[in-house]
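S.K.: First to last, the protein sequences are chains A and B.
Here my numbering is used: the first residue of the first sequence is 61, the next is one more, and so on.
Here my numbering is used: the first residue of the second sequence is 199, the next is one more, and so on.
Please note that a few of the clues may not be correct.
[Said to hold, decoys possible] Taking lysine-lysine pairs in the DSS-like style, the calculated list, with each CA pair at most 25 Å apart, reads:
1) Lys135(A) with Lys256(B)
2) Lys210(B) with Lys131(A)
3) Lys104(A) with Lys322(B)
4) Lys116(A) with Lys303(B)
5) Lys82(A) with Lys368(B)
6) Lys107(A) with Lys368(B)
7) Lys104(A) with Lys379(B)
8) Lys115(A) with Lys252(B)
9) Lys211(B) with Lys133(A)
10) Lys116(A) with Lys330(B)
11) Lys133(A) with Lys208(B)
12) Lys64(A) with Lys366(B)
13) Lys354(B) with Lys107(A)
14) Lys104(A) with Lys368(B)
15) Lys322(B) with Lys116(A)
16) Lys115(A) with Lys322(B)
[Claimed, not checked] Chain B residues, not near chain A, derived (Cβ > 12 Å throughout):
17) Ser259
18) Phe266
19) Arg272
20) Arg277
21) Lys286
22) Asp299
Read the hints as simulated data drawn from the structure, not as lab findings.
Beta carbons: idealized from backbone N, C-alpha and C, even for Gly.
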Amino acid sequence: MSCKKFRILLSAYLDREITKDKEKELLNHLNTCVDCARELEYLKQIKRMFILKGKKEPQEFFETRLLELIKNKRKQLIWQSYFPVIKRTIVVILIFFLIIAGWVNYKKLLYHRTTETISDLLVDEEIDENFQEELLVTYYSPLK
Amino acid sequence: MEEDFELLAKFKKGDHRAFESLVRKYKMAVFNTIYSIIGDAQEADDIAQEVFLKVYTKAGSFKRKSSFPTWLYRITVNRCLDELRKRKNKIISLETEFDQDEKLKLKDVLASKEGDITEELKRKELEDIVQKAMNSLPERDRIILTLKEMEGLSYKEISQIMKISLAKVKVWLFRARQKLKGKLSFLYPQE
Chain A
61 MSCKKFRILL SAYLDREITK DKEKELLNHL NTCVDCAREL EYLKQIKRMF
111 ILKGKKEPQE FFETRLLELI KNKRKQLIWQ SYFPVIKRTI VVILIFFLII
161 AGWVNYKKLL YHRTTETISD LLVDEEIDEN FQEELLVTYY SPLK
Chain B
199 MEEDFELLAK FKKGDHRAFE SLVRKYKMAV FNTIYSIIGD AQEADDIAQE
249 VFLKVYTKAG SFKRKSSFPT WLYRITVNRC LDELRKRKNK IISLETEFDQ
299 DEKLKLKDVL ASKEGDITEE LKRKELEDIV QKAMNSLPER DRIILTLKEM
349 EGLSYKEISQ IMKISLAKVK VWLFRARQKL KGKLSFLYPQ E
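Just chain A, same shape as in the assembly:
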């Protein structure tokens, strides 16, 4: 096995994620290869650097701030959960009004047309006179 492959194994060895056989093979190689042994020391140093670095604390009152955020989010979620219902209701109301408006308009139109016809017959005196004349012409002209 080449040094390059042993270097990949070194990383896994450092993390204790290596099989017993591979570990044995690697340790034998480390006994004979100075460069790989030195590489292992460098990797250990990097690992140590992370351990020494330690962990950082989040900012103060993390839980309190989180609970406040959740409280606000819940209000938003409640409103959002109602939103589709509100949207559907508005659409239904609009359709209802459109139907009603259409029906009222139709009725108005119908009424207007009917009254117009009747008024045409009953109110327009000139037409009535013409009609009378026509009647006279029709019935009495042959006798003339």
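Following the hints, put chain B in place on chain A, whose structure we already have.
M.R.: Frame of chain A; chain B shown alone:
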């Protein structure tokens, strides 16, 4: 692990104290993972809050296919990736130059025994230097190094969180360490 499942089950039934217990237990892990990947403490704090908010709203959809921490780390890493993608339009320099003072401090700290670093100032200095080196790495390397070195997760857990094979975890970690070593080359004068 069973304790986490029990707390989650209680929370699903409406016990908010169970959720608070989960937050107390994992806030450090979540915050430090984000901080190590993003590199900004203030932003890490905000994102950590968002992560727990997501846990709060999505807890009902959690199945026992993975452990709770794996699920939590996956949410955390995905949120970090979103944040890093948002920043992609901005110009971020991956070049890191350590000044002489930083180099000496790091050498000094690493040469000292572990007991010497209890000093808060030294720890802070080391933290800044390590974070500077981490910030200079590509996002994939930052994530895998964080999960291994900061959180001490196993290769199996990392493969589940990052959704990659175990072989890839091995190779990616090796490469990430090589890159980090390159950034800290001043520590190895003999090479």
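S.K.: Give a verdict on every hint.
M.R.: Hints, one by one, checked against the model:
1. Lys135(A) with Lys256(B): 16 Å, holds
2. Lys210(B) with Lys131(A): 17 Å, holds
3. Lys104(A) with Lys322(B): Holds, because 21 Å separates the two Cα atoms, which is no more than 25 Å.
4. Lys116(A) with Lys303(B): 20 Å, holds
5. Lys82(A) with Lys368(B): 14 Å, holds
6. Lys107(A) with Lys368(B): 16 Å, holds
7. Lys104(A) with Lys379(B): Status holds; Cα separation ~11 Å.
8. Lys115(A) with Lys252(B): Satisfied, since the Cα-Cα distance of roughly 23 Å is no more than 25 Å.
9. Lys211(B) with Lys133(A): Status holds; Cα separation ~19 Å.
10. Lys116(A) with Lys330(B): 15 Å, holds
11. Lys133(A) with Lys208(B): Holds. Lys133(A) to Lys208(B) sits at ~21 Å (cutoff 25 Å).
12. Lys64(A) with Lys366(B): Cα-Cα ~16 Å, so holds.
13. Lys354(B) with Lys107(A): 19 Å, holds
14. Lys104(A) with Lys368(B): 16 Å, holds
15. Lys322(B) with Lys116(A): Since the Cα atoms of Lys322(B) and Lys116(A) sit roughly 9 Å apart, the hinted pair holds (cutoff 25 Å).
16. Lys115(A) with Lys322(B): Since the Cα atoms of Lys115(A) and Lys322(B) sit roughly 10 Å apart, the hinted pair holds (cutoff 25 Å).
17. Ser259: Given that every Cβ of chain A is farther than 12 Å from that of Ser259(B), nearest at about 15 Å, it holds.
18. Phe266: At about 17 Å from chain A, Phe266(B) clears the 12 Å cut-off, so the statement holds.
19. Arg272: The claim stands: Arg272(B) keeps its Cβ more than 12 Å from every Cβ of chain A (closest is about 19 Å).
20. Arg277: For Arg277(B), whose nearest Cβ neighbour in chain A is about 15 Å away, the distance exceeds 12 Å, so it holds.
21. Lys286: Non-interface label on Lys286(B) holds, nearest chain A Cβ at 25 Å vs cutoff 12 Å.
22. Asp299: With a cut-off of 12 Å, Asp299(B) remains clear of chain A, as the shortest Cβ separation is near 17 Å.
Comparing the model with each earlier hint shows no violations; every hint is respected.
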